[in-house]
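Novice: Each chain is listed here by its residues.
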Amino acid sequence: MGPVMKLDPESEVDRVMEVPAPESDLLTQGYWENARNLVFAIQRCDECGFYTHPPRGRCRSCGSPERTFTPVSGDGVIYYRCTTHQSFMTEFDERAPYNLVVVELREQTGLFVVCNFRGDSEQLRCGLQVQMGLEDHGTFVLPQAFPFDAHGVEEEDGPRPLSSDAA
Amino acid sequence: MKHHNEESIAIVGVGRTETSTKSSQATGALVVEACRKAIADAGLSVGDVDGISTYSASAEYGSNTDVEGLTRAGVEFVIDCIEFDRIGWFADVVAGPPALAALDAAVNALKAHACDVALVYRGVHKPKTRHYGRIEARRGSGDTQFTLPYGMITAVHISALYYSRYLDTYYRNRESTGLATFAVNNRHNALLNPYAVMQQPMTIEDYFASRWVVEPLHLFDCDVPVDGAVAIVLTRGDRANGLAQAPVHILAHQLAHAPSSGHFIDDDVNRSPATWAADGLLDRAGVAKRDIDFFQAYDGFSPLAVQWLETFGFCDRGEGLVYLSQPGQIGIGGELPMNTFGGSLSEGRFHGMGHIMEAVLQLRGGAGQRQVPGAQVGLVTVGGYASCAAMVLADGAN
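First to last, the sequence lines map onto chains A and B.
Just so you know, my numbering puts 156 at position 156 of the first sequence, and the rest follows in order with no gaps.
Just so you know, my numbering puts 79 at position 79 of the second sequence, and the rest follows in order with no gaps.
Same shape as in the complex, but just chain A (with noise of 0.2 Å):
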């Protein structure tokens, strides 16, 4: 796991950071319970080990209802990033520009996260290597991207082959 971060809500910097909470329903209680106790945990298929995200009520590869929140590595990878200029949220419009990006967890192809990248803004783009932080915002704790070293690493051919040819 990457490092935990709390928010200061008497600090200027961190206040700005307020932004819409997660509302967690009987689907996705156990991912934000996890969150909140510093775990980041993924939907896993107790029968076939297959990870779901978001997560469903059906494992999405074999169908069974068994399923369990299961702590991942919080390795990945920088699969699709952005930078929000034009901010369309209240809650955004001190923030903007912000960066957006898609993590691939290393625990399975096309294992999808939407985070922040909470990085240096030079080093952002596809195939940088991260690692899953959480990020404290009082009620609720969010997942995170954070750098996968203090210099970040880059994989040194750019992103990483397309998922049919890893195979």
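It is possible that part of the hints are untrue.
Unchecked claim - Among the chain B residues that face chain A by a calculated CB cut under 8 Å, a handful are: (1) I87; (2) R134; (3) I135; (4) R139; (5) S141; (6) Q145; (7) L161; (8) R165; (9) A209; (10) R211; (11) W212; (12) E215; (13) P216; (14) D266.
As the list claims (entries may be wrong) - Computed far set for chain A versus chain B, every beta-carbon distance over 12 Å: (15) V4; (16) V19; (17) D46; (18) C48; (19) G49; (20) P65; (21) T68; (22) P71; (23) S73; (24) N99; (25) H137; (26) F148.
If you're looking for bench data, these hints aren't it; they were derived computationally from the structure.
Treat the numbers as computed from the prediction; the structure is a model and nothing was measured.
Glycine included, each C-beta is placed from N, C-alpha and C at the ideal position.
Starting from the known structure of chain A, fit chain B onto it as the hints suggest.
Specialist: Chain B alone, transformed into the frame defined by chain A:
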């Protein structure tokens, strides 16, 4: 080339309202106007129509503020507004590659004899009291609980994210004016289209000077939210002959959706719905790539057109931006005229209905100053990424 018979499907009428960014009219009223014009254009009467479909999802991604009849118009509302004799088939499509999802359903309904004359429409609304795409929500629920807290809010985020990987894969060490050339070509064509909302000339420099919305997408990579409606009328084979307009035949059509999209699909072209939509389409239409006289490529965001160009093999994978930037390529007199009406970028956001209507006008020889000389076969695509559709259309001679 395909031989038409009584089972082949043709577009026999088109109709539209003016395109505006500040219409005072209700979307439902605009839809009814477009529908009645399309029926009249076909030389039919309201009583002839017995099938109706629309793509009726909000014109604004993620919006939950729609009011039926005012900002959207589903089929039940439209049936209530027009004195049809008998509706035997209808579909209110809210998922899929917008206009072609509704059109594809109607084509299949006609083929199945579920109806004889089908009306397909799309009405779009631009909010007047706030910036388009802006939402107010204190919490993210359902799948948006995994996106809203991070500020992933609207459709432009999705396109920007996908396009970033394309750039980082293929254009890491080279610059391209491809999207700028595409946007400028759209604008040039829009100036020849009285229904296009954007009527100011644009240069390559204007494109690069336009602000970032979501980097790597500029403002001029995004379609323009508008008020308006477009409608088309379709029927089967023999019925299509002898009506008011020369029929435009649908030679082949295909929808495709990713098997599972979760938040995103990967960039494996072999698993790409665009590839599935394109595979074999021209063969089934009985045409070759060189027969395509124009390409109305979906451009809700400009990188989608690049994906479609490459998917149909007009250029190699990763070479789409280079292709677009070559002189004499995509203009009306060029190798492959693209978005001859201005596209969604410059005509306005009709979610593909503008693309289809333009294909019909071109194949009728009725596109005026922007007519592609001798156009006989056209390609239309709608959507992109997880949800895609493509269609080949031809004039009566094909």
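Novice: It remains to establish, for every hint, whether it holds in the given structure.
Specialist: Hint check:
1. Of the supplied interface hints, the one on I87(B) is violated, with its beta-carbon coming no nearer than about 36 Å to a beta-carbon of chain A, more than 8 Å.
2. At about 5 Å, the closest approach between the beta carbon of R134(B) and any beta carbon in chain A falls short of 8 Å, and the interface hint on this residue holds.
3. At about 6 Å, the closest approach between the beta carbon of I135(B) and any beta carbon in chain A falls short of 8 Å, and the interface hint on this residue holds.
4. Of the supplied interface hints, the one on R139(B) holds, with its beta-carbon coming within about 4 Å of a beta-carbon of chain A, less than 8 Å.
5. Interface restraint check: S141(B) against chain A, minimum CB-CB distance 4 Å, threshold 8 Å, status holds.
6. Hint status for Q145(B) relative to chain A: holds, with the closest Cβ pair at about 4 Å, below 8 Å.
7. Checking L161(B) against chain A by beta carbon gives a least distance of about 4 Å; that is within 8 Å, so the hint holds.
8. Given hint, R165(B) at the interface with chain A, holds; its Cβ is 5 Å from that chain's nearest Cβ, closer than 8 Å.
9. Checking A209(B) against chain A by beta carbon gives a least distance of about 14 Å; that is not within 8 Å, so the hint is violated.
10. The beta carbon of R211(B) comes within 7 Å of a beta carbon in chain A, closer than 8 Å, and the hint placing it at the interface holds.
11. Against a cut-off of 8 Å between C-beta atoms, the interface hint on W212(B) holds, since the closest Cβ of chain A lies about 4 Å away.
12. For E215(B), the interface hint holds, the least distance from its beta-carbon to any beta-carbon of chain A being 4 Å, beneath 8 Å.
13. A distance limit of 8 Å between C-beta atoms decides the matter here; for P216(B) the minimum to chain A is near 7 Å, and the interface restraint holds.
14. The beta carbon of D266(B) comes within 5 Å of a beta carbon in chain A, closer than 8 Å, and the hint placing it at the interface holds.
15. Non-interface call for V4(A) relative to chain B: holds, since the shortest CB-CB distance, roughly 17 Å, exceeds 12 Å.
16. Not every beta carbon of chain B lies more than 12 Å from that of V19(A), the smallest distance being close to 5 Å; the non-interface claim is violated.
17. For D46(A), the condition that its CB be more than 12 Å from all CB atoms of chain B holds, with the nearest at approximately 19 Å.
18. The Cβ of C48(A) lies farther than 12 Å from every Cβ of chain B, with a closest approach of about 15 Å, so its non-interface assignment holds.
19. The Cβ of G49(A) lies farther than 12 Å from every Cβ of chain B, with a closest approach of about 17 Å, so its non-interface assignment holds.
20. At the 12 Å boundary, the C-beta of P65(A) stays outside the reach of chain B, the nearest C-beta of that chain being 17 Å off.
21. For T68(A), the condition that its CB be more than 12 Å from all CB atoms of chain B holds, with the nearest at approximately 18 Å.
22. Non-interface status of P71(A) relative to chain B is upheld: no Cβ of that chain comes within 12 Å, the nearest being about 18 Å off.
23. For S73(A), the shortest C-beta to C-beta distance to chain B comes to about 19 Å, beyond the 12 Å cut-off, and the non-interface label holds.
24. For N99(A), the requirement that its beta carbon stay farther than 12 Å from each beta carbon of chain B is not met, with the minimum near 9 Å.
25. With a least beta-carbon separation of about 8 Å from chain B, H137(A) fails to lie farther than 12 Å from that chain, contradicting its non-interface assignment.
26. Every C-beta of chain B lies more than 12 Å from that of F148(A), the closest at about 17 Å, which supports listing it as non-interface.
Checked against the numbered hints given earlier, the structure breaks hints 1, 9, 16, 24 and 25 and satisfies all the rest.
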